[in-house]
Amino acid sequence: MRPTPFHLNIAEDAYRFRTELDRRDIVSSYTGPMTDDILSSLGNSLRTKMEFDEADSKTSRGVFSALVEQAQNIMRYSAETQAPPSGHDVPEGQTPEDISLRFGMVLIGRVDLGAWFVSCSNVIDNSAIPRLRANISSLQGLDRKELSAMMKEQLRDGPPEGSKGAGVGWITIARDASGGFEFDFFPILGTDKSYFTFKAYFK
Amino acid sequence: MTDMSRLIIAAGVRTPKVTFAFDKGEFCLEGESYPEDVRAFYDAPMGQFYDWLAASSAPVRFEFKLVYFNSSTAKVIMDLMERLEEAASGGRECVIDWHYAEDDDNIKELGEEFAEDLTSARFQLVEMS
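Residue numbers (this note's numbering), protein chains in the order written: chain A, 1 to 203; chain B, 1001 to 1129.
These are calculated hints, taken from the structure and not from any lab test.
Where hints are given, some of them may not hold.
Stated by the list, open to error - A short, non-exhaustive set of chain A residues, derived as facing chain B with CB atoms under 7 Å:
(1) D36
(2) M75
(3) S127
(4) L155
(5) V168
(6) G169
Note that the structure is predicted; figures quoted are calculated from it, not measured.
Where is the CB? At the ideal position from N, CA and C, for every residue including glycine.
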């Protein structure tokens, strides 16, 4: 049996971990392989929680939407992946790459019973940073109207090269995030990868 | 025996109920739509719809009763609107009913945005109580 840190008993250790999440205003959190089912479960329990909190429906919809778009980004683009073992069944028309697990972290919280936030993180290749940074930066400072126009333009013209979705996920979040959004990258030492975090706020 | 005049797909956790009545020219998407892989869900029913649209000249009524959809689904809807507009501009009767809940400004607004590009197809906002 592995000793817990500082010789805490396991309940105390768990309690301290949970208290740390509380201190960071986390209401709901997940780290591990991101799947559609995880997303739906997180999303539906969050909806119920927000309903019980009597959050207004606009905030509730925005938070849910940000969770969906960001979690699906993890499913599509996380560079932390696990392929099925060789010999594992792969559905017809799909490759092992298609069914690989993609890992990430989702933190949903509420600052001092005020603004909600959705923060999603995943590992990305350093080579992907410039384009991602340019994409998201281009949305900063735009108002809702400008973002809506941009979204329609992109829906009409089709997704940009390399995009696995409609290419409008970030625009959707930026439009809904009434309290703004921020993002950053943290280089993972000794690798050609970085940790990427995007956090959207809802007033 | 399969009834070729109807296509009905029950709602899933992340996918809407699909009711396509080809014999009546009535089509409906209802519920939530946020599958990770939209093509896996939509390619088949939309393919059938577009085939029908090309083969028939009957009037079309397309109802959207969506309460939430993700950005990938927005692309599917945009393509669909374009096809309906194209059919309507050729003189075909195309009605699009966009339903929204009374308190749901977001879905209403999204509908209005799709409607901006429609000149021939008839777009109607329908408030659900």
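Do the hints match the structure? See the list:
1. D36: holds (5 Å)
2. M75: holds (5 Å)
3. S127: Because about 24 Å separates A/S127 from the closest Cβ in chain B, which is outside the 7 Å limit, the hint is violated.
4. L155: holds (4 Å)
5. V168: holds (4 Å)
6. G169: holds (5 Å)
In terms of the numbered hints stated before, the structure departs from hint 3 and from no other.
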